[in-house]
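Okay, here's what each chain looks like letter by letter:
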Amino acid sequence: MFWYIIRRLLQGIPVFLGSTFLIFSMVFLVPGNPVLRMFGDRTPSPEQIAALEAKFHLDQPFLVRYFIYLGDVFQGNLGTTYAGQSVNEILARTFPTTLRLALLAVLIQLIVGVLAGLISGLRKGGIFDHAALIVTLLLISIPVFVLAFVAQWFFGIQLGWFRPTVGSGAPWSDLILPAIVLAALNMAYVVRLTRASVIETSQNDFVRMAYGKGLSRRRVIPVHILRNSMIPVTTNLAADFGILIVGATVTEGIFNVPGVGNELFKAINRHDTPEIVSIVTILVIVYVFVNLLIDLLYGVLDPRIRYVK
Amino acid sequence: MRITRIAAAAGGIALASALVLTGCASDNGGTGGGGSSTGVVSVAWGEPENPLIPANTNEVNGGLVLNNMFAGLVYYKADGSWDLDAAESIESDDYKTWTIKLKEGQTFTDGTPVTSSSFVDAWQWAASDPALLNQWWFIDAIAFEGGTYDGGEDTLALDVVDDLTFTVELAQPRADFPVALGYTVFFPLPESFYDDPEAFGDAPVGNGPYKLSEEGWQHGESLNLVPNDDYSGPRKAENGGLNFKVYGTLDAAYADLVSDNVDVIESVPTNSLSNFKSDLGDRAVEQGSAVFQSFTINYNLEHFADDEEGKLRRAALSHAINREEITSVIFQGTRTPAEEFTSPVIAGFDPGAIEGSDVLTYDPELAKELWAQADAISPWEGTFQLAYNADGDHQSWVDATVNSIKNSLGIDAVGLPYPDFAGLRTEVNDRTIKAAFRTGWQFDFPSQANILGALYVTGSGSNDADYSNENFDTLFREGLAAPTLDEQNEFFNQAQGQLFEDLPAIPLWYGSVTAGYSTLVEDVEYGWDSWPILYQVTKAE
Chain A
-6 MFWYIIRRLL QGIPVFLGST FLIFSMVFLV PGNPVLRMFG DRTPSPEQIA ALEAKFHLDQ
54 PFLVRYFIYL GDVFQGNLGT TYAGQSVNEI LARTFPTTLR LALLAVLIQL IVGVLAGLIS
114 GLRKGGIFDH AALIVTLLLI SIPVFVLAFV AQWFFGIQLG WFRPTVGSGA PWSDLILPAI
174 VLAALNMAYV VRLTRASVIE TSQNDFVRMA YGKGLSRRRV IPVHILRNSM IPVTTNLAAD
234 FGILIVGATV TEGIFNVPGV GNELFKAINR HDTPEIVSIV TILVIVYVFV NLLIDLLYGV
294 LDPRIRYVK
Chain B
107 MRITRIAAAA GGIALASALV LTGCASDNGG TGGGGSSTGV VSVAWGEPEN PLIPANTNEV
167 NGGLVLNNMF AGLVYYKADG SWDLDAAESI ESDDYKTWTI KLKEGQTFTD GTPVTSSSFV
227 DAWQWAASDP ALLNQWWFID AIAFEGGTYD GGEDTLALDV VDDLTFTVEL AQPRADFPVA
287 LGYTVFFPLP ESFYDDPEAF GDAPVGNGPY KLSEEGWQHG ESLNLVPNDD YSGPRKAENG
347 GLNFKVYGTL DAAYADLVSD NVDVIESVPT NSLSNFKSDL GDRAVEQGSA VFQSFTINYN
407 LEHFADDEEG KLRRAALSHA INREEITSVI FQGTRTPAEE FTSPVIAGFD PGAIEGSDVL
467 TYDPELAKEL WAQADAISPW EGTFQLAYNA DGDHQSWVDA TVNSIKNSLG IDAVGLPYPD
527 FAGLRTEVND RTIKAAFRTG WQFDFPSQAN ILGALYVTGS GSNDADYSNE NFDTLFREGL
587 AAPTLDEQNE FFNQAQGQLF EDLPAIPLWY GSVTAGYSTL VEDVEYGWDS WPILYQVTKA
647 E
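Residue numbers (this note's numbering), protein chains in the order written: chain A, -6 to 302; chain B, 107 to 647.
Honestly, the hints are just simulated from the structure, not real lab data.
Using N, Cα and C, we set each Cβ at its ideal position, and we do this for glycine too.
There may be inaccurate statements among the hints.
Some chain A residues judged to face chain B by a derived CB distance under 10 Å, without partners named [what the hints assert, rightly or not]:
hint, residue
1, VAL23
2, THR87
3, PHE142
4, ARG201
5, ASN249
Away from chain B, derived, C-beta distances all over 12 Å, residues of chain A [as the list claims (entries may be wrong)]:
hint, residue
6, MET(-6)
7, GLY25
8, PRO37
9, LEU100
10, GLY153
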């Protein structure tokens, strides 16, 4: 178990190097000099361009810039934006908000999705099963920004149940509406997966055995059926985490959540190489890490799965 | 929401009558720095792209905050006229050497006095570092000590006479120099700035109507200002403070405005332009702004050189564009067709007085004729391309413009998208672009000299067309030195006549402010520069 975790963590190093290199070269390849952007429609003098290029290392060749960046990263410094802010600070400020948003979305998916899937599975072909299918299919077919705008307009502006955008400090109550929108993205998968898995598990011998022993439905459904149905759902949630972060870029923009997605969007607009590379790399690392966590969770859900090496 | 507001109002009335009954109502203009109202006005805002240092702030978000935290020598009124703020007088006999006197008893919010050195040192510091975005302002306008720029600490020809007086020697005589002095870059700096410019950029210390609150600047979320009690100038705060809220998109800010969660926005998002007037009623704002839009063709482009053929083709293009239709259909009336090369909100605007401005009228017949005349000199081949950056809202009007050209002239014309602004500007700057390209200008200070000088004078920084005309240069220089606005305009109008003959850029239209405010605030006005005038906004608590 211990060595398994170590091995997985070590795999993170090439992933980190590869992703930083790829993203760095992608940003580098975008044509255009970010210095000129800073002046708007005005054309700066050659002296000003030279001074600013030197200040941001833009005059160095690609590999030199990449190694300057890597060197800083290994000293724990993720770089400075063109606006002079430390990327460390930006991440420390925005990441908790995005994590809270994603967590809330996962929670909503788990509670609503698994519950709906469970009921659908147990009452296969019933009214609830059909209704859940239609609603979730509808949600999945609507692009996230449409869903977000409609939710903001209807619940935020027309009904006034929620603030249309997230207020200062991003309190949990303001994050509920964006989290529901985010959760709706993947809700259909969670419901369908849970449903299929519950139906399959219910037909197993050990379930019939449990009922035969005289156990109540109350005991059999959560412990025998649900727990054994959760493995595919958990895997899906892990894969889903990536979608949540990507979806967060759009959702955070619309609801003005002061999170990583919002910041990344602004950084891309500014060609802010250190900021873009650092944020995306951190997202990649989070993704790798969450996948590791999920793999370890399998062992808890199904004792037959053990990691030996 | 509604219930709480009625309850609050009722409470307010009860409190007011209690004060009257006990004889405590004060008529003497309120207490402390908060003038006639005490509510904190919230403003939709974006995180500035640079530290908050006057010499390094050239975008609207940082500028708006600095403008409220600092008092320059002069300030601008809504209509673009100017008046003295920190200065007592700004005088010159020859418009080359200016003597500036400061008002007595002014202080920065850290308690130190505002002296002539606060200005002189700030300007010298700014001139010495080319990595500061606004450095060129000083290099351009002010003469150098000893005649040449040495990049050192005291390179500008500025002299401190006494604590409250200093002199400025300009590179060339200009009568409109005081107008420029209200711009952000000319603000003073306290001595504490030089100890740690970086910390200052995070928490500026100014001498204006507002200062940072204790909460200060919460990066990515908000920046909070409270009235500065020690400020005694003409821009006294009429509210209890300003709360600049960071929004990632205009759409999010607009959603908050409609639901009264933010009080003032600077701009309505494009996709709400069709409904913002019905959403906001008389709280919707639409007025002219000091933005000039055009497209420019560099003289190195084949068929558009500085000769007879080039002139004919440029005039043909100008006649081929239906500006009326594009501004009303594509922009829904939020742009107005250009009539000359500056802006209607800038003093001196008088298109009727400019010779040759009829080249802006839509006349496809004439356009075709001029194009044919040019073809007789050297036949046209290929496609006319108009370059733009696809990361702004440009595609629709570029398509409409090239279509107009295509239909009028019967030639192939297409838009040429660049993925982003930096990409477009790089090719423009390197002079490698092989197409016409969109250009625009937002005025820095309300004077025609600002745009004419920056874009069309031989060798000036933003002369993207590489335009060079001796007659224009002379007229512009004489206009700068003309003692009265009327005389100046006479020269500038003649200079514009030359521009119409040569068309280094094809004028398209003027921009507008489209904005609005919430039900909770009053006295909201937008200035000539499109910025809301925040110190005079009132809001009940």
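Does THR87/A meet its interface restraint, that is, does its C-beta lie within less than 10 Å of any C-beta in chain B? holds, 6 Å
Status of the ASN249/A interface restraint (C-beta, 10 Å, chain B): holds, 4 Å
Please verify that the nearest CB of chain B lies beyond 12 Å from GLY25/A's CB. violated, 3 Å
Assertion that GLY153/A lies outside the chain B interface [Cβ separation over 12 Å]: violated, 6 Å
Restraint: PHE142/A near chain B, CB-CB cut 10 Å. Satisfied or not? This interface hint holds because 8 Å falls under the 10 Å limit.
Verify the interface restraint on VAL23/A: the C-beta must sit less than 10 Å from at least one C-beta of chain B. Check passed: Cβ of VAL23/A comes within 7 Å of chain B, closer than 10 Å.
With d taken as the least Cβ-Cβ distance between LEU100/A and chain B, does d exceed 12 Å? holds, 24 Å
Beyond 12 Å from every chain B Cβ - status for PRO37/A: violated, 7 Å
Would you check whether ARG201/A satisfies its interface hint, that is, whether its CB is within less than 10 Å of any CB in chain B? At 54 Å from the nearest chain B Cβ, ARG201/A fails the 10 Å test, so the hint is violated.
Once the closest CB in chain B is found, is it more than 12 Å from MET(-6)/A? Answer for MET(-6)/A: holds, closest chain B Cβ roughly 40 Å.
Checked against the numbered hints above, the structure violates hints 4, 7, 8, 10; every other hint is satisfied.
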